[in-house]
Amino acid sequence: MYFAKEVLSQSGELRKKWEDEVRKVVSKVPDQKERWSTVSDLEIKRLYTPEDMKDMDFARDIGYPGQFPFLRGNQVTGYRGRYWTFRMFSGMGSAEDTNRRWHMLLKEGQTGLSTAFDFPTLMGYDTDSPKARGECGKCGVAIDTLEDFLQLVDGIPMDKVTTSMTINPPASVLWAMYCAAAEMKGVPLTQIGGTIQNDMLKEFIAQKTFMCPPEPSVKLISDTVEFGTKYVPRWNTISISGYHIREAGSTAVQELAFTLRDGMEYVEDVINRKGLNVDEFAPRLSFFFNSHIDFFEEIAKMRAARRIWAKAMRDRYNARDQRSWWMRFHTQTAGCSLTAQQPYNNVVRTAVEALAAVLGGTQSLHTNSLDEVLCLPSDSAVQVALRTQQIIAEETGAASTIDPLGGSYFIEALTNEMEEQTWDYINRIDEMGGMVAAIEKGFPQLEISDAAYKFQRQIDAGEKIMVGVNKYVTDEELPIPLLEIDDKVEEDQIARLNAVRRKRDNKAVKKSLDDIKNACKKGENVMPHCIEAVKNLASVQEICDVYREVYGEYRDPGLY
Amino acid sequence: MSERKLRVMVAKPGLDGHDRGARVLARCFRDAGFEVIYTGCHQTPAQIASSAIQEDVDLVGLSCLSGAHRYLFPQVVKLLQENGAGDITVIGGGIIPDQDCQKLYDAGIKAIFTPGTPLDVIVDWIKKNVKPLE
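Going line by line, the protein sequences match chains A and B. For the first sequence, counting from 1, position 540 maps to 539 in numbering that gives the first Met the number 0; every step adds exactly one. For the second sequence, counting from 1, position 15 maps to 14 in numbering that gives the first Met the number 0; every step adds exactly one.
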């Protein structure tokens, strides 16, 4: 019991008195609306009291930072030893364009890199594929071969800066390029650090960047986990992502539940397929959450996430290494909370969301730029976004003490409620036979569609407010400068790819592609062959075409 | 005798996977009483034009958030026209900067709806401007 009996009884008495007062006041000044709820439509009470925490046990449910159940964070010293990593997601146009942006960000005090690729790269197509027409460099950097990649990391100290790459179906290929580039710069694989997103389940659920069907997609992921465990020990080989689930319209609880259940699916596959012990690889699993506009709901979500994962790893998978119980995560503020209308308001939204992420104990953070709802961010917009994090870290005092909202009646009650609802979802998915089976049934996809449609209807009805969209609307708006990606980037990139194809040893390319194919057919690990292939200047699509040929292609079932 | 229901296709051209808007609209059109066909993501303009013709739709709604609308949207209109289906109304939505809209109208896109548009505005536009094709 969290509070002594006397406290609870005092609270009960005071509560009765307060409730009488409330009735009186409400009869004169009625509440503005009958029901108050979070952005995810979780109902919120007028007041939380010790009674909302009466079933809690301090040691079991709350505890200390760096101790099970990690509700209050992984790090025993919090942010005092080191702030979260300031990691801005960036990529646009050509490798040179993105490399220039990276150097600017590092100069401005960014502490980690994060790569946005364009759609052809994300989907495993080369820039000259007919399917890629019009997409090159538009929403990220275009990478076709190792030559582009070397340009991307030019002048980047790969032994010091960690790099995250948002890449999924071709994750093995782009990671192979990173490994090859490091080796060519004389940095051993044991010294490079970073993350590949490499989370295919959430692609089927939400982001829809897919290539092969779910089962072989999970196999390719287990290959990277196994390779990382053996040869690249500082690399996070999966970033199990709720971000895109939320952006697709899920509630906060759905984000939590589907993400954690995805994580469990990967753990089970690596154990079963690769025969690794859970403690050999689990410490390198990482997570990625959205920080949406509902401040307390987000903080509670992140706290609950750590506690659920710790319990699952300890009790469901019998992990014994404390680091296997840790949930380390990156956070990005919510793109879907931003508005094209009155875009300067987005700076405020992002600041609030970033503060929630810090109070939720994130290890790494991307803050969206005010113009990201309209285009890729301009230099000046990115600078404001990065400064937002730096102001939170250096000026606000938010990082001075660990989990400052821990023990709040409201936060603890909300954390418990979200955890409970998450376990309900996890149990339902278990009953369906796991996440791959649930995806095949369309379960998470349709749950998200329901939530997204309900939210849009609430916005249209004025039940939920987006300032500048359905309230406080203005006719005239301040124009902001927009970054435009020249269509010429595509022409140049195709010319560059053709030049590489002419100069490389095509026999060596074919041999290494055959080696990948054989590994796929035999169920062996593809990673060593991928590294060989990219060194021979095989392109992203050439390698992905092998995967498509052996494993088949997944088509969007078009559920809504 | 009442007119037959409008048949509308919601389509996602290109490699973009941001389908929240498309899925929400597909549901909204269904609730508005239209017959809805949703293509799912990753359709080429040729696939979209050919399904639109095969399905006898009255309207195609294109959604793209990747920035590739400048190529993809006009391409769908062009392919419909080349295949004798220029009477199918094509509208679009997504992250479309203002300065691109005129070019898209010139290419034959009849309306562009960007983020923040209430669903009913889109439904009303369709009811007013699109009639079942003979």
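Incorrect hints may appear among the rest.
Distance condition first, Cα-Cα at most 27 angstroms in a straight line; then the derived DSS-like pairs of lysine-lysine [to be verified]:
id : chain 1 : residue 1 : chain 2 : residue 2
1  : A       : K4        : A       : K218
2  : B       : K126      : B       : K102
3  : B       : K4        : B       : K102
4  : A       : K15       : A       : K4
5  : B       : K130      : B       : K77
6  : A       : K218      : A       : K273
7  : A       : K130      : B       : K109
8  : A       : K487      : A       : K470
9  : A       : K453      : B       : K77
10 : A       : K184      : A       : K534
11 : A       : K273      : A       : K27
12 : A       : K453      : B       : K126
13 : A       : K273      : A       : K310
14 : A       : K453      : B       : K102
15 : B       : K4        : A       : K487
16 : A       : K32       : A       : K487
17 : A       : K15       : A       : K27
18 : B       : K77       : A       : K130
19 : A       : K487      : B       : K77
20 : A       : K534      : A       : K520
21 : A       : K470      : A       : K184
22 : A       : K130      : B       : K102
23 : A       : K106      : A       : K32
24 : A       : K130      : A       : K453
Anything over 12 angstroms on all C-beta distances counts as not near chain B; from chain A, calculated [to be verified]:
id : residue
25 : E246
26 : T338
27 : Q444
No lab work stands behind these hints, which were simulated from the structure alone. Yeah, the Cβ is synthetic: ideal placement off N, Cα and C, and Gly gets one too.
Hint check results:
{"no.": "1", "hint": "A:K4 with A:K218", "result": "violated (53 angstroms)"}
{"no.": "2", "hint": "B:K126 with B:K102", "result": "holds (25 angstroms)"}
{"no.": "3", "hint": "B:K4 with B:K102", "result": "violated (31 angstroms)"}
{"no.": "4", "hint": "A:K15 with A:K4", "result": "holds (17 angstroms)"}
{"no.": "5", "hint": "B:K130 with B:K77", "result": "holds (21 angstroms)"}
{"no.": "6", "hint": "A:K218 with A:K273", "result": "holds (10 angstroms)"}
{"no.": "7", "hint": "A:K130 with B:K109", "result": "holds (25 angstroms)"}
{"no.": "8", "hint": "A:K487 with A:K470", "result": "violated (40 angstroms)"}
{"no.": "9", "hint": "A:K453 with B:K77", "result": "violated (36 angstroms)"}
{"no.": "10", "hint": "A:K184 with A:K534", "result": "holds (13 angstroms)"}
{"no.": "11", "hint": "A:K273 with A:K27", "result": "violated (67 angstroms)"}
{"no.": "12", "hint": "A:K453 with B:K126", "result": "holds (23 angstroms)"}
{"no.": "13", "hint": "A:K273 with A:K310", "result": "holds (23 angstroms)"}
{"no.": "14", "hint": "A:K453 with B:K102", "result": "violated (34 angstroms)"}
{"no.": "15", "hint": "B:K4 with A:K487", "result": "violated (44 angstroms)"}
{"no.": "16", "hint": "A:K32 with A:K487", "result": "violated (53 angstroms)"}
{"no.": "17", "hint": "A:K15 with A:K27", "result": "holds (19 angstroms)"}
{"no.": "18", "hint": "B:K77 with A:K130", "result": "holds (17 angstroms)"}
{"no.": "19", "hint": "A:K487 with B:K77", "result": "holds (22 angstroms)"}
{"no.": "20", "hint": "A:K534 with A:K520", "result": "holds (22 angstroms)"}
{"no.": "21", "hint": "A:K470 with A:K184", "result": "violated (54 angstroms)"}
{"no.": "22", "hint": "A:K130 with B:K102", "result": "holds (22 angstroms)"}
{"no.": "23", "hint": "A:K106 with A:K32", "result": "violated (48 angstroms)"}
{"no.": "24", "hint": "A:K130 with A:K453", "result": "violated (34 angstroms)"}
{"no.": "25", "hint": "E246", "result": "violated (7 angstroms)"}
{"no.": "26", "hint": "T338", "result": "violated (6 angstroms)"}
{"no.": "27", "hint": "Q444", "result": "violated (9 angstroms)"}
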